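Engineer: Listed below are the residues making up each chain.
There are 2 protein chains.
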Amino acid sequence: MDIKQYLNNRRQEVEQALDELLPATKGPLAGHVEAMRYSLLAGGKRIRPILCLAAAEALPADSRPLLPVAAALECIHTYSLIHDDLPAMDDDDLRRGMPTCHKKFGEAAAILAGDGLLSFAFELLSRPLAGGNISAQEQLRLVHNLATAVGPAGMVGGQVLDIQAEGRGEQNGLNQLRLIHRCKTGALITAAVQSGAIGGGADGRQYEALTRYGEQIGLAFQIIDDLLNVTGDAATLGKAAGSDTARGKATYPALLGLDETRRQADEAVSAAIAALEIFDQHAEPLRELARYIATRKN
Amino acid sequence: MDIKQYLNNRRQEVEQALDELLPATKGPLAGHVEAMRYSLLAGGKRIRPILCLAAAEALPADSRPLLPVAAALECIHTYSLIHDDLPAMDDDDLRRGMPTCHKKFGEAAAILAGDGLLSFAFELLSRPLAGGNISAQEQLRLVHNLATAVGPAGMVGGQVLDIQAEGRGEQNGLNQLRLIHRCKTGALITAAVQSGAIGGGADGRQYEALTRYGEQIGLAFQIIDDLLNVTGDAATLGKAAGSDTARGKATYPALLGLDETRRQADEAVSAAIAALEIFDQHAEPLRELARYIATRKN
Numbered sequence: 306m307d308i309k310q311y312l313n314n315r316r317q318e319v320e321q322a323l324d325e326l327l328p329a330t331k332g333p334l335a336g337h338v339e340a341m342r343y344s345l346l347a348g349g350k351r352i353r354p355i356l357c358l359a360a361a362e363a364l365p366a367d368s369r370p371l372l373p374v375a376a377a378l379e380c381i382h383t384y385s386l387i388h389d390d391l392p393a394m395d396d397d398d399l400r401r402g403m404p405t406c407h408k409k410f411g412e413a414a415a416i417l418a419g420d421g422l423l424s425f426a427f428e429l430l431s432r433p434l435a436g437g438n439i440s441a442q443e444q445l446r447l448v449h450n451l452a453t454a455v456g457p458a459g460m461v462g463g464q465v466l467d468i469q470a471e472g473r474g475e476q477n478g479l480n481q482l483r484l485i486h487r488c489k490t491g492a493l494i495t496a497a498v499q500s501g502a503i504g505g506g507a508d509g510r511q512y513e514a515l516t517r518y519g520e521q522i523g524l525a526f527q528i529i530d531d532l533l534n535v536t537g538d539a540a541t542l543g544k545a546a547g548s549d550t551a552r553g554k555a556t557y558p559a560l561l562g563l564d565e566t567r568r569q570a571d572e573a574v575s576a577a578i579a580a581l582e583i584f585d586q587h588a589e590p591l592r593e594l595a596r597y598i599a600t601r602k603n
Numbered sequence: 306m307d308i309k310q311y312l313n314n315r316r317q318e319v320e321q322a323l324d325e326l327l328p329a330t331k332g333p334l335a336g337h338v339e340a341m342r343y344s345l346l347a348g349g350k351r352i353r354p355i356l357c358l359a360a361a362e363a364l365p366a367d368s369r370p371l372l373p374v375a376a377a378l379e380c381i382h383t384y385s386l387i388h389d390d391l392p393a394m395d396d397d398d399l400r401r402g403m404p405t406c407h408k409k410f411g412e413a414a415a416i417l418a419g420d421g422l423l424s425f426a427f428e429l430l431s432r433p434l435a436g437g438n439i440s441a442q443e444q445l446r447l448v449h450n451l452a453t454a455v456g457p458a459g460m461v462g463g464q465v466l467d468i469q470a471e472g473r474g475e476q477n478g479l480n481q482l483r484l485i486h487r488c489k490t491g492a493l494i495t496a497a498v499q500s501g502a503i504g505g506g507a508d509g510r511q512y513e514a515l516t517r518y519g520e521q522i523g524l525a526f527q528i529i530d531d532l533l534n535v536t537g538d539a540a541t542l543g544k545a546a547g548s549d550t551a552r553g554k555a556t557y558p559a560l561l562g563l564d565e566t567r568r569q570a571d572e573a574v575s576a577a578i579a580a581l582e583i584f585d586q587h588a589e590p591l592r593e594l595a596r597y598i599a600t601r602k603n
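Note that the protein sequences, when read in sequence, are chains E and D. Quick note: the first sequence uses my numbering, first residue 306, plus one each step. Quick note: the second sequence uses my numbering, first residue 306, plus one each step.
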């Protein structure tokens with residue numbers, strides 16, 4: 306299969322859904338909606354929504370009813386980027402080559418754009434899924450799983466740990482680095498795959514396998530992120546390179562060297578693909594996604 | 306009935322639930338949990354959770370299975386206070402007589418405490434309700450209703466409008482003021498009552514009546530808030546009095562005068578009580594709550 310073509314098609318599908326689900330408005334809230342749409346529709350790989358859709362396909366199940374769930378995943382991811390970029394947090398001026406939300410709209414508007422996107426995500430997740438086959442009970446499980454993944458025990462907790470670790474560089478050690486990554490990035494990526502599994506009606510064995518896949522993919526994604534932050538260039542990344550080191554954050558390359566880092570990324574990709582053993586050719590997009598994540602340039 | 310005793314009992318019940326549902330932790334996230342608990346357990350009237358529980362009782366239904374829902378309402382309210390107090394927003398130093406979350410823990414920690422509480426609220430809302438009688442479908446409806454009430458069309462949108470209106474004082478006019486209040490405060494209060502209605506298994510007629518009650522209670526609550534901000538003293542309020550006027554916000558007293566403001570508050574309270582006509586003595590707590598809101602001092 307042509308993974309680039311697949312990713313392009315899926316990305317367009319997701320972006321169209323986002324555009325339709327959160328349309329521009331007139332009236333007093335026009336500016337608020339504009340700030341949310343600015344960050345939400347600023348490009349990006351749409352990895353999380355695509356993982357959700359591809360996980361459902363692997364079962365195989367029709368992924369179209371899950372588009373609102375996929376859109377919600379991107380709303381959550383975007384909210385986390387907006388808040389992480391704030392002056393009180395990472396204080397970043399650029400994101401995907403464009404001014405960050407607070408640079409463009411001001412700090413109050415950016416905090417509220419993030420808050421709005423997180424709330425809107427749960428609005429989307431709890432809507433009746435048109436054309437879907439999952440029961441309300443399964444949908445509640447999906448919502449609960451995702452809420453747990455983005456809360457104190459997941460993404461928000463990971464950002465807390467990340468900020469606490471800043472300036473302590475390599476003193477943090479590999480275990481601490483793994484914990485940060487597992488919470489900050491891994492939890493949402495794993496939950497994205499699990500959402501596709503639940504939404505597509507996975508049985509227990511399929512759910513377990515997809516969870517293992519999601520965990521390894523999340524790990525690979527983050528190791529490569531660290532690698533790109535060291536070896537990438539700003540134009541391709543759309544943000545400053547080397548910023549992790551400058552902030553005194555521990556990274557895989559700093560702790561392990563480039564060769565061992567690359568080896569661990571490959572290992573995680575292999576483990577992700579191995580986890581899909583029980584699936585047939587419908588899981589090919591997931592397998593190709595794993596390989597794509599290992600070779601991505603931004 | 307003795308409304309003070311009722312409120313005390315219910316408040317203790319809610320605070321115990323909050324304490325148990327979000328216990329202090331050791332380990333790397335201890336500080337994060339401490340920041341969330343600091344704001345969550347800093348006192349407060351617990352009006353929203355109590356409205357939820359009292360609405361279920363009015364039907365009549367057992368309100369105990371709804372304690373996690375009630376707790377979630379307070380988590381959402383607390384998150385909104387933490388973010389509203391931030392330097393980029395209202396820049397408040399005191400809340401309930403204590404340093405605001407960012408004054409105590411720093412700005413990044415406060416943003417993340419708010420984000421954590423909002424996420425945790427949806428984790429609570431989507432849990433299976435032990436001992437409850439509502440179907441998963443009804444629970445999903447509850448989640449969706451609440452997510453809509455706190456998002457761009459509700460609470461977050463109201464805060465956006467409030468910040469936009471700042472400094473424009475009485476130019477904003479009464480319609481604009483009503484819109485801000487309906488979104489910023491009214492939406493969550495109404496949704497709190499509706500959550501109790503849905504969670505308690507209300508039929509269509511009961512749900513409509515409780516919704517009207519919630520709308521009028523939300524309105525009365527906000528009018529009185531404006532009154533207290535003008536006429537109250539800092540010690541009772543736990544925050545600076547007169548701060549709305551200082552920020553050039555429009556208020557009911559500034560637009561209507563004290564007498565007419567008081568009259569409109571009484572009118573809203575009467576309308577709230579009238580909406581409960583179809584209910585028997587089990588709705589007494591809701592009726593007393595309406596009267597209490599009109600006479601509160603902080």
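Hint data in this document are derived by calculation from the structure and do not stem from the laboratory. Be a bit skeptical, because a hint or two may be false.
As the list claims (entries may be wrong) - SDA-like, lysine to any residue: derived pairs with alpha carbons at most 25 Å apart:
no. : chain 1 : residue 1 : chain 2 : residue 2
1   : D       : 331       : E       : 484
2   : D       : 331       : E       : 408
3   : E       : 408       : D       : 412
4   : E       : 331       : D       : 471
5   : D       : 331       : E       : 453
6   : D       : 408       : E       : 478
Said to hold, decoys possible - Stretches of chain D that chain E covers, calculated by requiring three or more beta carbons in the stretch to come under 8 Å of a beta carbon on chain E:
no. : region
7   : 344 to 355
8   : 391 to 404
9   : 464 to 470
10  : 492 to 502
11  : 522 to 529
12  : 573 to 580
13  : 586 to 593
Computed from a predicted model, the values in this text were never measured in an experiment. Built from N, CA and C at the ideal position, the CB exists for glycine as well.
Engineer: Can you give the numbers of the hints that this structure goes against, from lowest to highest?
Structural biologist: Result: hints 2, 6, 7, 10, 11, 12 and 13 break, sorted rising.
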